[in-house]
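There are 4 protein chains.
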Amino acid sequence: MGPDYGTADAAATIGLAMTSQAEIEAFVGEQFPQTRCTIQAVGKLTATVRHTIGAEDLRPGGTVRGGIMMEVADVALYIAILGEIGIVPLTVTTSLNINFLRKPAASRAIIGVCRLLKVGRALVIGEVALYSEGSEQMVAHAVGTYSIPPKR
Amino acid sequence: MGPDYGTADAAATIGLAMTSQAEIEAFVGEQFPQTRCTIQAVGKLTATVRHTIGAEDLRPGGTVRGGIMMEVADVALYIAILGEIGIVPLTVTTSLNINFLRKPAASRAIIGVCRLLKVGRALVIGEVALYSEGSEQMVAHAVGTYSIPPKR
Amino acid sequence: MGPDYGTADAAATIGLAMTSQAEIEAFVGEQFPQTRCTIQAVGKLTATVRHTIGAEDLRPGGTVRGGIMMEVADVALYIAILGEIGIVPLTVTTSLNINFLRKPAASRAIIGVCRLLKVGRALVIGEVALYSEGSEQMVAHAVGTYSIPPKR
Amino acid sequence: MGPDYGTADAAATIGLAMTSQAEIEAFVGEQFPQTRCTIQAVGKLTATVRHTIGAEDLRPGGTVRGGIMMEVADVALYIAILGEIGIVPLTVTTSLNINFLRKPAASRAIIGVCRLLKVGRALVIGEVALYSEGSEQMVAHAVGTYSIPPKR
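If you read the protein sequences in the order shown, they are chains L, S, Z and U. Numbering-wise, our numbering comes out as the position in the first sequence, counting from 1, plus 4. Numbering-wise, our numbering comes out as the position in the second sequence, counting from 1, plus 4. Numbering-wise, our numbering comes out as the position in the third sequence, counting from 1, plus 4. Numbering-wise, our numbering comes out as the position in the fourth sequence, counting from 1, plus 4.
It cannot be assumed that every hint is accurate.
Identical chains blur together in the list; that is why a pair holds if it fits in one copy or across any two.
[Claimed, not checked] Below, simulated SDA-like cross-link-like pairs (lysine to any residue); rule was C-alpha separation at most 25 Å, straight line:
1) K107 - P93
2) K48 - G138
3) K107 - T52
4) K155 - T52
5) K48 - V96
6) K155 - R112
7) K155 - Q25
8) K107 - I91
9) K107 - K122
10) K48 - R119
11) K48 - S111
12) K122 - A110
13) K122 - S24
14) K155 - E140
15) K48 - K155
16) K107 - T39
17) K155 - V96
18) K122 - V92
19) K155 - A30
20) K122 - P154
21) K155 - Q38
22) K122 - A109
23) K122 - G138
24) K48 - E60
25) K107 - Q44
26) K122 - I152
27) K155 - L49
I should point out that these hints are in silico values taken from the structure, not numbers from a laboratory. Every value quoted in this text rests on a predicted model; they were computed, and no experiment measured them.
Looking at chain L on its own, in the form it has when it is part of the complex (with noise of 0.2 Å):
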């Protein structure tokens, strides 16, 4: 990944190619050892990502604790953003907006499928539709901006 990369912008104009998911891949499991969501797909604007649910996730009412989907949420975003800005550690969540639309099931993962809605130099902006593994009903909807460093 070359100097240029440090905008969408300047990824536009000169054609860089995207960021691989295994360099990704590579990036989060030695910055983040903890996470326990695992990248399914990273794409043009979009990422897909996975979290395991086990006992410690669930809380009364025998579903998913509303933290463990906002942090899906945020992971989904972080990964379409490296995806397409490269691998810029500082790029950091500015606003996260969760709305918790059904019950997700107690026994499948959680699902994360981020879509950017803009790239621009300083602000990148995408939402996030959660859905328990195996089924098409959302159970969360997410919007985030996350903040990219200026270039040094």
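Got chain L; can you put chains S, Z and U on it based on the hints?
Just chains S, Z and U, lined up with the frame of chain L:
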């Protein structure tokens, strides 16, 4: 579960005491044994919670993961609501909006201070200010909505 | 409109027709004579509205005021909901979250395309994509929640 | 206001006076002649604005349209920011999240009280409490983000 405390309206009308911090701690300890938040205070429309921070809670840049702060915001709201309406386990988050303002200290606990803005029959809305322990600078600000199940 | 239209669940169960665009237009014209939004389409869980833009709708920088886009988002949600649950005038917005993505054209109408994400008994949640007419680039994205009054 | 007013950091460092209410009023009157918000106060990180309510601002149920409250929130943020960073016309809203809490009075002005939570170089975040004039019960609560253009 007593018959009369189930809604804030009932509580307001007949002057019931709010749920005590000890009752809430017992409930949370039983239902959410994995939580790392402790309750510091529960008052009229307010609650303060604390989450210790360890190496596993950090992200690149030496700061606290966003997911931790979202969880603190969510728990602070939940505790404040239980304090107001009683132990209603199926009270669930319907939405959360969080803005990250400043980089939290890597070596300090996160403190969440919740203030409820409205306690209705079906929906409760509150805001949470998040701090690194010992600092007066807000590191994040959240607004969340919880749904209260109808009384049977 | 018969007595059973009140919830989407009822509508789904007994197969009631959705409210027609003409019925909604008549209602909106009578109740909100000052609105400058017109309805372009109402479909299953969707609605499209259009707001003309004049000089009074612009702000410095030659772009559309944010308030106009918030109004289009709010109206698009309202129309989609009326299309789904029938003419329930006291259906009111409980929250709206909007992200402004790109500068809209000063000389074009704003188009709002709503898709409902969940139609529950008490709450409806939907998202709205906003465009400058004739362009495929989203200028803003909103997520809103409406509360449906209980049936009397 | 000299050439260095462009960021809050600069203002904080070199101790520039905040923009005066009169300067802001002159700017707003010239640039937004159609606005119906008046400025009641501008202070350190705060602003209070007022929007008269007439028949054209009401919706079914005898209450104020949500769009009016969104506009008051947006304007209150804008005024507070101009008070802090100076007259920077291209400062634009990037996101707004609003929760509607109680039915505002149909016959009273809406008052918006803004408090800025963070004034950064590129982003400003603040919250706005909305009231019916003369009442202490919050009718809505908003959190918004503005983007400040880079200095040329």
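Going down the list of hints, with the structure as the test:
1. Taking the shortest Cα distances, K107 and P93 sit within 25 Å of each other only across copies (14 Å), while inside one copy they are farther apart (33 Å).
2. Both within a single protomer and between protomers do K48 and G138 lie at most 25 Å apart by alpha-carbon distance, with minima of 23 Å and 24 Å respectively.
3. For the identical chains of this complex, K107 and T52 are intra-copy neighbours only, at 20 Å inside a copy versus 27 Å across copies, given an alpha-carbon limit of 25 Å.
4. Taking the closest pair of Cα atoms, K155 and T52 never come within 25 Å of each other, the shortest separation being 27 Å inside a single copy and 38 Å across copies.
5. With identical chains, the CA atoms of K48 and V96 are at most 25 Å apart within one copy only, with a shortest distance of 20 Å there and 28 Å across copies.
6. Taking the shortest alpha-carbon separations for K155 and R112, neither the intra-copy value of 41 Å nor the inter-copy value of 29 Å comes in at or below 25 Å.
7. Taking identical chains as interchangeable, the C-alpha atoms of K155 and Q25 lie at most 25 Å apart only when both belong to the same chain, with a minimum of 23 Å there against 37 Å between chains.
8. Proximity of K107 and I91 under a CA criterion of 25 Å is satisfied inter-copy only: 20 Å between copies versus 34 Å inside one chain copy.
9. When the C-alpha separation of K107 and K122 is checked against a cutoff of 25 Å, the pair qualifies only between copies, where the shortest distance is 12 Å, while the shortest distance within a copy is 30 Å.
10. In the homo-oligomer, the alpha carbons of K48 and R119 lie at most 25 Å apart both inside one protomer (9 Å) and across protomers (23 Å), since each shortest distance falls under that limit.
11. Proximity of K48 to S111 under the C-alpha cut-off of 25 Å is found in neither arrangement, the shortest distances being 31 Å within a copy and 31 Å between copies.
12. Proximity of K122 to A110 under the C-alpha cut-off of 25 Å is restricted to the inter-copy arrangement: shortest distance 20 Å between copies versus 33 Å within a copy.
13. Taking CA atoms no more than 25 Å apart as the test, K122 paired with S24 passes inside one copy only; the shortest distance there is 20 Å, against 35 Å between copies.
14. Proximity of K155 and E140 under a CA criterion of 25 Å is satisfied in neither setting, with 40 Å inside one chain copy and 30 Å between copies.
15. With identical chains, the CA atoms of K48 and K155 are at most 25 Å apart within one copy only, with a shortest distance of 22 Å there and 32 Å across copies.
16. Within a single copy, K107 and T39 get their C-alpha atoms as close as 23 Å, and across copies as close as 20 Å, so both meet the 25 Å cut-off.
17. Proximity of K155 and V96 under a CA criterion of 25 Å is satisfied in both settings, with 14 Å inside one chain copy and 23 Å between copies.
18. For the identical chains of this complex, K122 and V92 are neighbours both inside a copy (17 Å) and across copies (24 Å), given an alpha-carbon limit of 25 Å.
19. When the C-alpha separation of K155 and A30 is checked against a cutoff of 25 Å, the pair qualifies only within one copy, where the shortest distance is 23 Å, while the shortest distance between copies is 38 Å.
20. Both within a single protomer and between protomers do K122 and P154 lie at most 25 Å apart by alpha-carbon distance, with minima of 17 Å and 19 Å respectively.
21. With identical chains, the CA atoms of K155 and Q38 are never at most 25 Å apart, being 28 Å at best within one copy and 40 Å at best between copies.
22. Taking the shortest Cα distances, K122 and A109 sit within 25 Å of each other only across copies (17 Å), while inside one copy they are farther apart (31 Å).
23. In this assembly of identical chains, K122 and G138 lie within 25 Å of each other by CA distance solely across copies; the values are 19 Å between and 29 Å within a copy.
24. Proximity of K48 to E60 under the C-alpha cut-off of 25 Å is found in neither arrangement, the shortest distances being 34 Å within a copy and 31 Å between copies.
25. For the homomeric pair K107 and Q44, the shortest alpha-carbon distance inside one copy (23 Å) is at most 25 Å, but the shortest distance between copies (30 Å) is not.
26. For the identical chains of this complex, K122 and I152 are neighbours both inside a copy (12 Å) and across copies (18 Å), given an alpha-carbon limit of 25 Å.
27. Taking the closest pair of Cα atoms, K155 and L49 come within 25 Å of each other only inside a single copy of the chain (21 Å); across copies the shortest separation is 30 Å, beyond that limit.
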